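There are 4 protein chains.
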Amino acid sequence: MKISFESDYNNGAHPEVICHLLETNGKQSQSYGFDEWSEQARNKIRTACKCPDADIFFLVGGTQANATVIDGMLTSYEGVISVQTAHINVHESGAVEASGHKVITLPSHAGKMDAGELEAWLKAFHADPTLEHMVIPGMVYITFPTELGSVYRAREIEEILAVCRSYELKLFIDGARLGYGLASSECDFDLAWLAGHCDAFYIGGTKVGALCGEAVVFPRGNAPRHFMNIVKRHGALLAKSRLAGIQFDALFTENLYFKIAKHAIDMAMKMRQLFTDASIPLRDSSTNQQFVELTNEQMKHILQDVLFETWEPIDADHTLCRFVTSWATTDRDLEALKNALATL
Amino acid sequence: MKISFESDYNNGAHPEVICHLLETNGKQSQSYGFDEWSEQARNKIRTACKCPDADIFFLVGGTQANATVIDGMLTSYEGVISVQTAHINVHESGAVEASGHKVITLPSHAGKMDAGELEAWLKAFHADPTLEHMVIPGMVYITFPTELGSVYRAREIEEILAVCRSYELKLFIDGARLGYGLASSECDFDLAWLAGHCDAFYIGGTKVGALCGEAVVFPRGNAPRHFMNIVKRHGALLAKSRLAGIQFDALFTENLYFKIAKHAIDMAMKMRQLFTDASIPLRDSSTNQQFVELTNEQMKHILQDVLFETWEPIDADHTLCRFVTSWATTDRDLEALKNALATL
Amino acid sequence: MKISFESDYNNGAHPEVICHLLETNGKQSQSYGFDEWSEQARNKIRTACKCPDADIFFLVGGTQANATVIDGMLTSYEGVISVQTAHINVHESGAVEASGHKVITLPSHAGKMDAGELEAWLKAFHADPTLEHMVIPGMVYITFPTELGSVYRAREIEEILAVCRSYELKLFIDGARLGYGLASSECDFDLAWLAGHCDAFYIGGTKVGALCGEAVVFPRGNAPRHFMNIVKRHGALLAKSRLAGIQFDALFTENLYFKIAKHAIDMAMKMRQLFTDASIPLRDSSTNQQFVELTNEQMKHILQDVLFETWEPIDADHTLCRFVTSWATTDRDLEALKNALATL
Amino acid sequence: MKISFESDYNNGAHPEVICHLLETNGKQSQSYGFDEWSEQARNKIRTACKCPDADIFFLVGGTQANATVIDGMLTSYEGVISVQTAHINVHESGAVEASGHKVITLPSHAGKMDAGELEAWLKAFHADPTLEHMVIPGMVYITFPTELGSVYRAREIEEILAVCRSYELKLFIDGARLGYGLASSECDFDLAWLAGHCDAFYIGGTKVGALCGEAVVFPRGNAPRHFMNIVKRHGALLAKSRLAGIQFDALFTENLYFKIAKHAIDMAMKMRQLFTDASIPLRDSSTNQQFVELTNEQMKHILQDVLFETWEPIDADHTLCRFVTSWATTDRDLEALKNALATL
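Protein chains in written order, with our numbering: chain A, 1 to 344; chain B, 1 to 344; chain C, 1 to 344; chain D, 1 to 344.
Treat the hints as calculated values from the structure; they're not laboratory data.
Incorrect hints may have been included.
[To be verified] Partner residues are not named here, just some residues of chain D that face chain C (Cβ under 8 Å, in silico):
#1 Ser-7
#2 Ser-29
#3 Gln-84
#4 His-87
#5 Val-90
#6 Ala-95
#7 Ala-110
#8 Arg-220
#9 Lys-232
[As the list claims (entries may be wrong)] Lysine-lysine pairs mimicking DSS-like chemistry, simulated, CA-CA at most 25 Å apart:
#10 Lys-300(B) to Lys-300(C)
#11 Lys-338(B) to Lys-270(B)
#12 Lys-123(B) to Lys-300(C)
[Unchecked claim] Quick look at which bits of chain D chain C covers, simulated, 3 or more residues with Cβ under 8 Å:
#13 204-213
#14 261-267
Predicted, not measured: the structure shown is a model, and the values here were computed from it.
Note that beta-carbon positions come from the ideal geometry of N, C-alpha and C, so glycine has one too.
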């Protein structure tokens, strides 16, 4: 079977995660979020975030987390502002609109939102006399790292947050790949800082070593009233909540979550070197997703040896391709890629 | 720690299920439903259902499966008919209404719907000149076994299906505890028969040996168009779909699913005997949920030794209590209950 | 053409209403609620309600008003409690559920809700450990007068309001036929009292002399934030808002609204006498809707001369029929009915 | 009071419309769409459209018509494609998303959609392997005339329709100002042609001489099943449907609708001349909405005499302003404008 760099969700769980599932399997527990491992994991995450009062809920996947948090934090008529390329705007089959909320879009700058453009939009909106005929924004949604592998600097998030505060908007950060963003060499803040600079975010598990699970964090105990009910109404409440609890308990024991992320980033940087050595251009990215500009010839050739994803056509002869690392990427995997590149 | 009979979702996974997760963990796979184990599991389920053309989707939990299937099969304005005590009407936080569909209720007969009452209601509805001002029914929803532990007979389902066919309604069967219903001594049909007598149903995994997962079956390849998109829109599409696929692959290997169910029923029948021996009245139930009428004195007393759920008050002095068995219930557990009863 | 007692919406507008439309037709005005007549009408209604701070919005019809107010006042996950026979539960094609809100039903007592039953239900709900798995009630909805022609006494509304206050529920009163309720001999309160005993209500225009229009009143300036936006989102904002404003301006000039209602009630009482004189049994009703128990023979016979609505079968030989009066009912109309009854 | 050119909905009804309301007011009628005038109006519209089998429904306003038709024609998960500047995307408070449907946007070319861009988008969509993770388009929505006063040529609509047919999308045309578009000198087709080149459209009444009302036309009897129920569920069903029926009966008697539109266009062309004579630049527009580029000085000056709407800032010193004519615009009104311009 060919080595795959297609995604960070095509492996099983990190061995320590799967082991914890195994070693706890024989014990009985409470359900619907009240099991002991969920409680332990919540405490460990509170510590890691330096948010002793945080409300934490374990949901199953990213789209579900986005739809549930956005619907839970917004009033029914409010919309959410994101950039054009945002996951909620492009790749969630309209899950946000399914709850009646419009996704209002701003331009994407390599996946990032610009605080100045956000402020200009809001200023124009509030100056518009037909305001009550338009969708009223209630939240800003950004992804960290972005869908395109870029990472916000602390200053950029501070600026976005300041605009949100001026206009009474909530700030929600989609952290489906949070670990990889925090482990990036470009990242100039840590988890606790992030928790202090938004109204809600989630710590992605599915793409960072778990089989499933996203830890939604309301850092200052600011979960919407009856959030558990909202979760259940979205079909997102696990009966055997231990499934998520045990995994996050493992991920937040001895910094496993951060170790996994660091490993993937290290592998990604080695991978960049391989492409550079082969004189193949890459887009800037300091995270675990690398976007490579291949000729269609090269693409076909490499695909004979290793798998990856075609992202979008560049022109008639070139395609942007995505190569992704994860906790599971090994030096042997990179060797396979190196060999494939050598044959070009 | 006390033995718990509170539910069939307070244990981990059946050992063979957890082992299969472990043994496959190192392999890479496709995602979003295209992994090899999901494909294998689908084939095994098709065989078990004798439905070679069935469309099968693995969702995470029961409420999610109900909301997604109902929304997917109904036109936006249609409602779903269930009995008053139906899970979708009582215990899903309005997940069905969240997609805009009314739950239209008929009386519950120990959890079951009566085909005659269904027909009478439909006849009156269609005779009503204000029909277009009312919610138009598009589906009948029943649970097998019911929330109260009862099981439909083949004839009863045939009658309900015949009414559905007459009035062009879909029939959807919630099988969150399907295994336990099929294993009941009262059940006079098998899985293949069931698959032939409805438009959609699901095989509950969460309560029958898995950590999570419900296998939604459209028996004749009759999944709604773009059902995968509908699943994604409901936040119900697993990125690491292997999580569900591997578990169902294990459950449908060498009849594990049915063995688990049979074991739980055997244990439940032994449990009934314990109560009967202690002269404590039980409601009729041939499934893994037993409803016991305890005096409040007895209730407090037994709770000192084993755990169970209070279901609803009967009168000032008596409470209906639920004791549930599962794949994990052992003779030792029953021994603990026996001892507890002996002290009354 | 036969005289019709089928409904209170099968005539045009009251002459003074249509005249006001005519006499103002040549003037230009602002739109979307900012026209001068809407403003005048709001002030007249504030005076009539003795609510100087009331927020008032003119919507087009009853179902629209119910769906918009309920959606506007509830948080997305909340449900609304009504009796089984409530208009929102039976005859609005699921407009409330279309916005995601469950209608939770209590028994109907001749169309009315019983405060004791409401309290008992809420007490049980809050005592239920699975509360977060159920739809959380946010509002009580009652109709005045009810769909069955009955009217609440002041004490009954006080009791319901007290329960609402204890459990932090809003109380919303559907007044599609409000005038007829207030004009009933059984009614022991007035408009201002009603405005002081709920969180929102509406003054029905369509059935009380207007061509269309319902005046939604939030008595203490307590309209939901951005309610105009909510109205627009529900497709309920008139561009030419003058259409509603002019009509309500007429209706609340020199007590026209109350005169119309009194006339209809007077006619209804005369009508009761006609049936009584003909020894035909009627249900109790002090409003403009009269429910008459006819043999199927009688029904056919009377239908040859005047029109009315069949409400529901009583038994194989008898049908409950509805006869409705309005501002437009004349003594000549009653004469026609009397003649029809004389031929039986 | 100042003459206003702010909108085409700041006058009452055309005299013949209001007269018809008056002359019919004394008659009783059926309700909920079954009154005689609605039936007559439907027949007249069928004749005018040369669509003998058309299904026709009278709704109250434009946002309501858009939300109801779009929700009624789409499957729950489908989205609607429009240009960025489309009314449904900008000025309907999210009414389309409120029913769960995403508005997918393409660039606006003076308000119009380009068939080539539409096709390119659809081609890319269908080539995307992640298609099932994206919102599936089910309909194309265009406005005629557009929000910016432009009108599609027959060829442009043919091209859009051809793309819709290739990709099995419905084509829906918002005709809130339909009359003014058809009366434009640029328009090279008539009502019957339009009816033959889409799946649904509506004939706007509110802005073309009525007090309220939009006639939704499904030209080939292709209304969605139970569309009346869908209308009711959207709160859009008039009890006194005569209100809309009578007005459309008048509008489609002796071509009144078209005469009104022609008059407004004639007035608009005279108005253009006034601005041209005053050397004030205008945007191209052959309909009743004229977009004028005023200096902020000029703007203030003119506002002392006549009213109009500021549309959007052009630069620090200039503002785009909208002047609108309607059935009610008179030569005297234009005289007032001329005088205002003379003082600049």
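Hint-by-hint comparison with the structure:
1. Given hint, Ser-7(D) at the interface with chain C, holds; its Cβ is 6 Å from that chain's nearest Cβ, closer than 8 Å.
2. Evaluation of the Ser-29(D) hint against chain C yields a held restraint, the C-beta minimum of about 6 Å falling below 8 Å.
3. Among the interface hints, the one on Gln-84(D) is violated; its C-beta lies about 20 Å from the nearest C-beta in chain C, farther than the 8 Å criterion.
4. The beta carbon of His-87(D) is not positioned within 8 Å of any beta carbon in chain C (closest approach about 12 Å), and the interface hint is therefore violated.
5. Below 8 Å, beta-carbon pairs count as interface contacts, and Val-90(D) has none with chain C, the closest being about 12 Å; its hint is therefore violated.
6. Checking Ala-95(D) against chain C by beta carbon gives a least distance of about 5 Å; that is within 8 Å, so the hint holds.
7. Taken as an interface hint, Ala-110(D) does not check out: its beta carbon lies about 24 Å from the nearest beta carbon of chain C, beyond 8 Å.
8. The interface hint given for Arg-220(D) is broken, as the beta carbon of that residue sits about 25 Å from the closest beta carbon of chain C, more than 8 Å.
9. Interface hint at Lys-232(D): satisfied, since its Cβ lies 4 Å from the closest Cβ of chain C, which is below the 8 Å cut-off.
10. At most 25 Å may separate the alpha-carbon atoms for a hinted pair to count; Lys-300(B) and Lys-300(C) exceed this at roughly 65 Å.
11. Between the alpha carbons of Lys-338(B) and Lys-270(B) the distance comes to roughly 10 Å, so the proposed pair stays at or under 25 Å and holds.
12. Among the hinted pairs, Lys-123(B) with Lys-300(C) is consistent with the structure: their alpha-carbon atoms are about 23 Å apart, no more than 25 Å.
13. As drawn, the segment 204-213 of chain D meets chain C at 4 residues by the rule of a beta-carbon pair under 8 Å; at three or more, the given contact holds.
14. Taking a C-beta to C-beta cut-off of 8 Å, the segment 261-267 of chain D contributes 0 residues in contact with chain C, too few for the three needed, and the coverage statement is violated.
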